[in-house]
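Peer 1: Listed below are the residues making up each chain.
Number of protein chains: 2
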Amino acid sequence: MAVYTDVAAEDISPFLAGYEIGELLAYKGIAEGVENSNFLVHTSRGYFILTLYERRVAERDLPFFLGLMEHLARRGITCPQPVKNKAGNVLGRLAGKPAAIVTFLDGMWIRRPTAAHCAALGTALAHLHLAGRDFSLRRDNALSVAGWRALYEGCRERAHKVEGNLEMLVATELEILERDWPHGLPQGVIHADLFPDNVFFLGDKLSGLIDFYFACTDTLVYDIAICLNAWCFEADHSYNVTKGRALLANYAKARPLSHPEWESLPLLARGAALRFLLTRLVDWLDVPPGALVQPKDPREYARKLRFHQKVKSARDYGLVEP
Amino acid sequence: MAVYTDVAAEDISPFLAGYEIGELLAYKGIAEGVENSNFLVHTSRGYFILTLYERRVAERDLPFFLGLMEHLARRGITCPQPVKNKAGNVLGRLAGKPAAIVTFLDGMWIRRPTAAHCAALGTALAHLHLAGRDFSLRRDNALSVAGWRALYEGCRERAHKVEGNLEMLVATELEILERDWPHGLPQGVIHADLFPDNVFFLGDKLSGLIDFYFACTDTLVYDIAICLNAWCFEADHSYNVTKGRALLANYAKARPLSHPEWESLPLLARGAALRFLLTRLVDWLDVPPGALVQPKDPREYARKLRFHQKVKSARDYGLVEP
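Sequences listed follow chains A and B, in order.
Residues in the first sequence are numbered from 1082 upward in steps of one, following this note's numbering.
Residues in the second sequence are numbered from 1082 upward in steps of one, following this note's numbering.
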């Protein structure tokens, strides 16, 4: 939640003149997205989001992200749609940073999702995977199994500051996942960060998906595993099988899982838990004490990992064998 | 620039149901205002600003601030207008904090104001003072001369950390101002914080005034002195007499200054410089090193104070004797 780059009206006006979206009437820096600076822009044609990409997003990846949003919107997925400038480009520059304008999406994210929200999410995730099948660009997932050891090495010596046995938990798990990580499962575009704050609802109806800046090409069922971790645990860290079943059954209704995909779910859920455990651990250890922005607690994902370690099969998540 | 209180859609929806502003479609935390949490709210009836008042704003002052905005809007001043809830109140409670909804105002603030902007400001400030004349509520200015010594005492011992001779500058000035501060000049509602970021423009046309949370009852010409400090100095700290003349002449056209008001301007300008020097000094010394939010530099106002100390009469600011 931040605005990293301050942009003056005197600079934003000429930038917008390069688009056919009318005259600038107002803009506000908004607290959305942890990686970029975002502004809500009001013009004589309506409301838009202006994003300035900060250093944590690689400029070479922007054509993938923006192209994906265009591709998905054409296939009926409700997501922010990049607006082309008069030269036909979706990517421009403002205040020395890459910048893009996307359409404004109504809807709110749900802090305490119910099983009905999880059901809607399952359907939307399957539709996202189906719509992404013929997207022509490719982007490797830097935060999948091949990238975890480097994260671990960078923080192993300080991990005990967060929790006594965290280093051992991660070390052991990492070895298992590196050895057993499944290959050959159906791949495609995954969102890779579909937490509740990236899913908008209007009432109980899912109204859109946002923040595609971790999207990449990877194992589809890994995206499901990320969502199980993000949506189906309660505040007391217990797994809610009703929510899990709702998510999985509705996903499978729109895109049935193969038997190998079903079998891989517990291991992928462990991987997804380890991925967020590691990135949160790095952020946690990097933030100086007393900082205004409190990073997310990595221990939440250590608990989830320990839960998944005890899971026998995908049946435990609420999904019957296909 | 901050959102201090996180509000869930699940909480904001029932709050909005108490108003006749339609159904909630979206809301975004916005980076505006340093004292409160602000959200841009989209409903089926349009766009609004929802403000949660944080601890730096005293709850007992809210009827003054909100009543003033209503009063001014009725008299043709373009400013955010508080929206009444179904019970007829402009003040409610959300997330344990006092909360209000005001209308959304188009316009942008100008980072590098020209003399034309200063001229427009002068007119708007005079109109604000005229429109406030028959406002029935009263609020003393806690940040006028009677409040400065306490601020000074709280930071005098650490002032040298910011600039070697700052303690002496403030101590000497404070004595003079406490002795010579003018009494009996025309009083009324002043904005008291009309910096460029609180004045919106659409093109060269001033489109509205915002952020009335320092407004109070005080000497009108002191408000002019605050604006001279905030608008008429260049980045190199030089006073721009063209801008000053534009501001003052246009103010006086709408509300002519009396001779005593004209005479008091240099001393009030010193007071205004000292007031912002002191509050910035307190903030500067209170912020831990390495914090994300960099406080504003108090030395800017030390330089302005030294400029005003050398001023002979209001003529030096560009205003001819009335």
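The hints are simulated quantities; they were obtained by calculation from the structure and are not laboratory data.
Be aware that a few hints might be false.
Taking beta-carbon pairs under 10 Å as the criterion, some of the chain A residues facing chain B (in silico) [as the list claims (entries may be wrong)]:
#	residue
1	1099
2	1100
3	1104
4	1112
5	1116
6	1123
7	1126
8	1401
The beta-carbon is built from N, C-alpha and C at its ideal position, and this holds for glycine as well.
Peer 1: Each hint needs a verdict: does it hold in this structure or not?
Peer 2: How the hints compare with the structure:
1. 1099: violated, 18 Å
2. 1100: violated, 17 Å
3. 1104: Holds - the Cβ of residue 1104/A comes within 10 Å of chain B, reaching about 9 Å at its closest.
4. 1112: holds, 4 Å
5. 1116: violated, 15 Å
6. 1123: Cβ of residue 1123/A sits 6 Å from chain B, so the hint holds.
7. 1126: violated, 13 Å
8. 1401: Constraint on residue 1401/A not satisfied, violated at 32 Å.
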